[in-house]
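Engineer: Between the sequences and the hints, there should be enough to build the whole structure, so can you do that?
There are 2 protein chains.
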Amino acid sequence: MSAQIIKEKVEQAKQFLQEFDVDCWITFARESQINGDPMLAFLTPAGITWHSAFMINKDRSTHVIVGRYDVPALDEMGVYDKVEGFVTGIKEKFIEYMKKKNPSKIAINYSKGSEICDGLTYGMFLTLYEMLAEIGMEDRLVSAERLVSAIRERKTPAEISNMKEAIRITEEIWDATYKWLKPGIKSIEVADFMKAEAAKRNVGLAWEPSVCPAVFAGLGEGEAHYAPGEKPVTRGEILNMDFGVRYNNYVSDMQRTFYVLKEDETEAPEDVQHGFNIIVKAVQDAKDSIQPGKEACEVDAVARQVVVDGGFEEFPHALGHQLGIFSHDGTALLGPKWEKYAEKPYQKLEENMVFTIEPRCTVPNRGIATIEEMIVITKDGAEWLTTPQKELFLIK
Amino acid sequence: MSAQIIKEKVEQAKQFLQEFDVDCWITFARESQINGDPMLAFLTPAGITWHSAFMINKDRSTHVIVGRYDVPALDEMGVYDKVEGFVTGIKEKFIEYMKKKNPSKIAINYSKGSEICDGLTYGMFLTLYEMLAEIGMEDRLVSAERLVSAIRERKTPAEISNMKEAIRITEEIWDATYKWLKPGIKSIEVADFMKAEAAKRNVGLAWEPSVCPAVFAGLGEGEAHYAPGEKPVTRGEILNMDFGVRYNNYVSDMQRTFYVLKEDETEAPEDVQHGFNIIVKAVQDAKDSIQPGKEACEVDAVARQVVVDGGFEEFPHALGHQLGIFSHDGTALLGPKWEKYAEKPYQKLEENMVFTIEPRCTVPNRGIATIEEMIVITKDGAEWLTTPQKELFLIK
Chain C
0 MSAQIIKEKV
10 EQAKQFLQEF
20 DVDCWITFAR
30 ESQINGDPML
40 AFLTPAGITW
50 HSAFMINKDR
60 STHVIVGRYD
70 VPALDEMGVY
80 DKVEGFVTGI
90 KEKFIEYMKK
100 KNPSKIAINY
110 SKGSEICDGL
120 TYGMFLTLYE
130 MLAEIGMEDR
140 LVSAERLVSA
150 IRERKTPAEI
160 SNMKEAIRIT
170 EEIWDATYKW
180 LKPGIKSIEV
190 ADFMKAEAAK
200 RNVGLAWEPS
210 VCPAVFAGLG
220 EGEAHYAPGE
230 KPVTRGEILN
240 MDFGVRYNNY
250 VSDMQRTFYV
260 LKEDETEAPE
270 DVQHGFNIIV
280 KAVQDAKDSI
290 QPGKEACEVD
300 AVARQVVVDG
310 GFEEFPHALG
320 HQLGIFSHDG
330 TALLGPKWEK
340 YAEKPYQKLE
350 ENMVFTIEPR
360 CTVPNRGIAT
370 IEEMIVITKD
380 GAEWLTTPQK
390 ELFLIK
Chain L
0 MSAQIIKEKV
10 EQAKQFLQEF
20 DVDCWITFAR
30 ESQINGDPML
40 AFLTPAGITW
50 HSAFMINKDR
60 STHVIVGRYD
70 VPALDEMGVY
80 DKVEGFVTGI
90 KEKFIEYMKK
100 KNPSKIAINY
110 SKGSEICDGL
120 TYGMFLTLYE
130 MLAEIGMEDR
140 LVSAERLVSA
150 IRERKTPAEI
160 SNMKEAIRIT
170 EEIWDATYKW
180 LKPGIKSIEV
190 ADFMKAEAAK
200 RNVGLAWEPS
210 VCPAVFAGLG
220 EGEAHYAPGE
230 KPVTRGEILN
240 MDFGVRYNNY
250 VSDMQRTFYV
260 LKEDETEAPE
270 DVQHGFNIIV
280 KAVQDAKDSI
290 QPGKEACEVD
300 AVARQVVVDG
310 GFEEFPHALG
320 HQLGIFSHDG
330 TALLGPKWEK
340 YAEKPYQKLE
350 ENMVFTIEPR
360 CTVPNRGIAT
370 IEEMIVITKD
380 GAEWLTTPQK
390 ELFLIK
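Residue numbers (numbering that gives the first Met the number 0), protein chains in the order written: chain C, 0 to 395; chain L, 0 to 395.
Some hints could be false.
List of simulated lysine-lysine pairs, DSBU-like, C-alpha gap at most 30 Å [claimed, not checked]:
hint, chain 1, residue 1, chain 2, residue 2
1, L, K194, C, K6
2, C, K347, L, K178
3, L, K98, C, K339
4, C, K293, C, K163
Just so you know, these hints were derived from the structure itself, not from any lab.
Structural biologist: As structure tokens, then:
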């Protein structure tokens, strides 16, 4: 991550400690290449190797303790008041620092309901707990869920600008793909083409390459699979792809729906067009319903109702998720109140959150119609970040 | 990861459950792109999104419960007896399964001392604990550290063959780099050259690209930094790089030492040659001392003594680490008994473990001499995986 964005996010964190009334926020992690806390991206420009503690305090002071070899990269960034290095172990320096600060409420990165706020491993929790127990502070620990959520969710202008550029590039790739597509091309070839277009533009993929893009090529194999396979683009069927790129660490995530015309067709048949229209309406109505202060699930309910009213089964997933440096980022979720979503659908919408909107319906004997757009929440509504798909893309 | 290696590792796991007397081993994770357990690479060919539980039992039965969209990829692999999918939440199916199996000892992925065995987050631990508490099984939980370590450390022939190919490619890149190097080239240009050589050969980098390779170009900036910068390759100084590639998910990790001749030199001066010779001896003596059954720290001590006897300060890090799908993998570590290494230096060496050997010394006013080789432990010793550096690479 760039030093500029780290600086912005650490400044935000200082404010949020006030807002959520926490004295000291500790990110405690090791070996970022293996199992680092997802919060580290906002705290260090490099990785960390040994036990590392990043302390940000309500009094606006900051302090980092890391292994000696991780000091220079952090030190030069100039974001933290002090960066201390150790050779043999973190314990002595950490305990000394905590005794000096003596915070009453200490927030750490764990959460049952939100994976993005759950970066502390159980082994590291035990290590931290035992160190704090030695100085009688172990009962001061609380979850940093709200704090971490706010840092990830309230996007700065620099973050939104990175996501806009990722979207611009993705839309170029949709155009190129639309021009190139023909019946008979296999799903895996579609995927390879889109990946090559991303590589040409020097951007990475937004998620795991084996399913970025995911390709849903009509019926049979095409319905069941994320991972693109041998199923060809087939006349009379719907085709769609789920794709995104990564620009300066920030991702896009979009889906587009294509219909593959039969030899004698010049437009999509009524059933396909109806399914597509319902999805367009579900996206638009959901976007129009967005307001800061609303519960996230209310927006999901709007789109879900449009799909059901259109005569389709409701989609077996949430309407939309937040994005950032991951394609699934943040806590608040435009989703139904299902067990697996925990408290996410109950979160309040806030200005500068970035969400996808992605309802879906299955058109019998045709495939899956789905569109995925991205929006940013404004003071009194939402703005498109993507150029919304309003017409079916027809393949001849 | 290939289905073949997953199949091998799941078979190993079944044996190890017997060896370590565990009834049921659960890997419990969610959103692998954000903070997945590092064990997932050996359990699924794709990622996972929602709460996912992988159960492997001492009775050799296996069972997986994942979100519905993650079912097909796992199902087709054909490794697990049963793959169940859910839409709204995992709890009901998980509790039903555990009640039926009723295991007495349940191992889960946490460890204070070994990050690679510490994949379970604290939030996920709480979720699992509360589900098990509902059926009175919460006190049956133990750490899977020994089990997970064995799965990662006892390499199969297919794993070793992938690492050999990664090393072969890395050695090609060392050769190309040696031929190309000249005084005046900046560290960042050295890094860009090596990265381009890897890209040409269609392999990824073994770790975080900003420090792969790490370039230590002599004095000043060159000594302090992992990350390559503006420091040029300078006559009269030592240059070294730390570099590895990734082939079929498995990595190499090597360091080579170069000396940059002054205009009037045809060989390295005595102080540089002495430092280099000490490192060569430290590597060789350490390798010769390896035997299954020894404590890992004994091997570190051999090399450390050679360096100190050679008149240098002892190196501020471990002599060597294991590798696999990460450049730091496994639990046992050829390291001193320092706090940050916890129990790792006390582990017993075993056949088929793959280690680096990487002692280092600082030659005053010249830079850092260091070599990093890779070895695999055999029934009665160790074999080179790399072609060991025995002569200084001289740059004219």
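Engineer: With a cut-off of 30 Å on the C-alpha distance, tell me whether C/K347 and L/K178 pass.
Structural biologist: violated, 60 Å
Engineer: Please work out if L/K194 and C/K6 have their alpha carbons no farther apart than 30 Å.
Structural biologist: Answer holds: L/K194 to C/K6 is near 29 Å, not above 30 Å.
Engineer: Starting from L/K98, check that the Cα of C/K339 is at most 30 Å away, please.
Structural biologist: With a Cα-Cα distance of about 21 Å, the restraint between L/K98 and C/K339 holds, given a limit of 30 Å.
Engineer: CA of C/K293 to CA of C/K163, is that 30 Å or under?
Structural biologist: Measuring from Cα to Cα gives roughly 25 Å; hence the hint holds.
The earlier numbered hint that this structure contradicts is number 2, and it is the only one.
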